[in-house]
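Taking the hints into account, I'd like the entire structure generated from these sequences.
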Amino acid sequence: MKNPDTLPQLFFQAIERFATKRAALRYKVGAQWKDINHQELARRVQHTALGLRELGIKAGDHVAILSENRPEWAIADFACMNSGIVDVTVYPTLIPSQIEYLLNDSESIAIFISDRAQLDKIEEIRPRLPHLQHIISFDDLGDEAPVTTMKRLIRRGAAAEPKYPTYRDDALTLPPDTLATLIYTSGTTGDPKGVMLTHHNFTSNVLGALQILSIGSDDVCLSILPLSHAFERTCGFYTMLRAGVTINYAEGINQLRDNMMEIRPTVMISVPRLYEKIYARVIDRALSSGAVKKRLFFWAKRVGEQWTDLKLTGQPIPAFLQARKKITDRLVFSKVRAQTGGKLRYFVSGGAPLAEDVARFFYAAGLPIIEGYGLTETAPVIAVNPLEAVRLGTVGRAIPRTEVTIAENGEILMRGPGLMKGYFNKPDATEAAIDSDGWFHTGDIGEIDSDGYLRITDRIKDIIVTAGGKKIAPQPIENRVKASPFVSNAVMIGDKRKFVVILVVPDLEACRKWAGERRLTLPGTNEALVALPEIAAKVEREVMVHLRDLARFEMPKKIILVAEDFTLERGELTPTLKVKRKVVEDHYKDEIDSAYVP
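159 is the number of the first residue of the sequence shown in my numbering; add one for each residue after it.
Since the hints were derived computationally from the structure, they do not count as laboratory data. Heads up, the beta-carbon is just placed ideally off N, CA and C, and yes, glycines get one too. Careful: at least some of the hints might be erroneous.
[To be verified] Think about it this way: if two alpha-carbon atoms lie no more than 27 Å apart in a straight line, the pair counts; the simulated DSSO-like pairs of lysine-lysine are:
#1 LYS619 / LYS584
#2 LYS747 / LYS629
#3 LYS309 / LYS216
#4 LYS740 / LYS716
#5 LYS736 / LYS279
#6 LYS321 / LYS279
#7 LYS736 / LYS435
#8 LYS716 / LYS696
[As the list claims (entries may be wrong)] Derived Cβ-Cβ restraints for the label pairs, each shown as a range:
#9 LYS309 / ASP751: 55 to 63 Å
#10 LEU708 / ASP751: 19 to 27 Å
#11 GLU566 / ARG415: 42 to 50 Å
#12 GLU749 / GLN413: 34 to 42 Å
#13 ILE475 / LYS309: 53 to 61 Å
#14 GLU319 / SER446: 18 to 26 Å
#15 ARG422 / ALA318: 37 to 45 Å
#16 LEU545 / ARG422: 14 to 22 Å
Dropping the structure here:
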């Protein structure tokens, strides 16, 4: 079977190859998980696609998807892909004004929405959406709602099936360079830009990733990242579909642990923040246990780290260390693995640098995290660690047919079949991002070792240059601090100032628990809790312990504790949960300025 050049080819090949498999997609209704097999998926996709045609939506039109992860998202996506329609992915967490910008910039004429909450957002901005003609709701919102339901659209498409006998042939003969989607960048600086990705961008990325990632039809995936995220869409959806993996849609981040125990996934894809939170929770649980269990856990952690360092560098492991590792597996790490369902083979991490301490712990626990790297503009995978040759602290080697080099200023440059067509209606921005030799300028700083492994050090725009001319990469330092169970978030500040300071958001739950164990009187507000001298001293000690081996000029001279975590609603985070450093600095200007007062 010829490798697919387009997403419809990938789709129909998967439908044929896995026709006898029990489930392509799974989702939870109440207390029960429901299956959608490949044939049923194909039927719903076809009838949705034909329903769109009956609405007058044709190839080349732009249709948005505003929804949480659920089977209908996948069905709507492939209905568009098989029709040559360009879909526009919109994060369900966006506020109305942000959605308004995306829908108008993309000139979307229709939108799929999930539920009443998303409809309320659209209704608020509807008078300012001149292109929008149709709203299609996954949920049944009642006869009075100004929407077409997905069920009604599918029924209309099914009735119209005889009118479109060439549906499959039309889908399979789409040219590979056909525009497939607009995915808007997170926009840490300036307005989001619509990244134009073609069918071939996606399929080349899927095939390249599958030459490195070991997955197959026996695997089970739990999907937690938003499908509007390029990483989840390519790796957690298209790649899994191609390999025959059963995709299970998690109910949400708060139900993640329960879903993992129910599904018992063998592979999961997420961003570093999830792994950092799991790690912090494990450490916190160990710290709160009895003296014997606590000593056992941290002994096991040290043994695991020693074993990991030798294992991953190919050095011989002494017999006494092998014996100790077996004991730690039985008494400690087996319990950590059990919390993931007990069958997980590996995690995949992308979207931001992963703290090396976190990666080392998970590897020692038998839960390796395969770190990769890419951007929306690259569909998105550029590089990934091979499972059999993981190198901690790196994002692996470039996937097949993709070139990576380092510019004179340290910037990572990429070119290959995954590279976008450009930014929608922004030729100047496209020209600035892709040079005359076809190299895409990622905006990230990194280095490549002698074996071709890529290491990311920071973002060019994030590099702090102090008044004394010292250059500091803040992300690795912030990642160290966030490894503490007492820290929820951290942002370094200090550009053009005489020294750096760090804003720290304490983990309020961990702080309350710690204070309760010491019988401290707990105040009623978060602000008062963080202001308690004992809490402030504890969090500051945690920060300094995690930063103890930094160079003097990298060490924050002041720690500023803030009681509220950064949010999307206040504009401090992107939809992919990256911190907008400048916005945070503006919001806490008074506190930051006071830290520099002698």
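Verification of the supplied hints:
1. LYS619 / LYS584: OK: LYS619 and LYS584 at ~21 Å, within 27 Å.
2. LYS747 / LYS629: holds, 22 Å
3. LYS309 / LYS216: Holds. LYS309 to LYS216 sits at ~20 Å (cutoff 27 Å).
4. LYS740 / LYS716: holds, 19 Å
5. LYS736 / LYS279: Within the cut-off at roughly 23 Å; holds.
6. LYS321 / LYS279: violated, 36 Å
7. LYS736 / LYS435: Holds. LYS736 to LYS435 sits at ~15 Å (cutoff 27 Å).
8. LYS716 / LYS696: holds, 15 Å
9. LYS309 / ASP751: 55 to 63 Å: Given about 57 Å between the Cβ atoms, the range holds.
10. LEU708 / ASP751: 19 to 27 Å: holds, 24 Å
11. GLU566 / ARG415: 42 to 50 Å: holds, 47 Å
12. GLU749 / GLN413: 34 to 42 Å: Given about 36 Å between the Cβ atoms, the range holds.
13. ILE475 / LYS309: 53 to 61 Å: holds, 58 Å
14. GLU319 / SER446: 18 to 26 Å: violated, 60 Å
15. ARG422 / ALA318: 37 to 45 Å: holds, 41 Å
16. LEU545 / ARG422: 14 to 22 Å: holds, 19 Å
Of the numbered hints stated above, those contradicted by the structure are hints 6 and 14, listed in ascending order.
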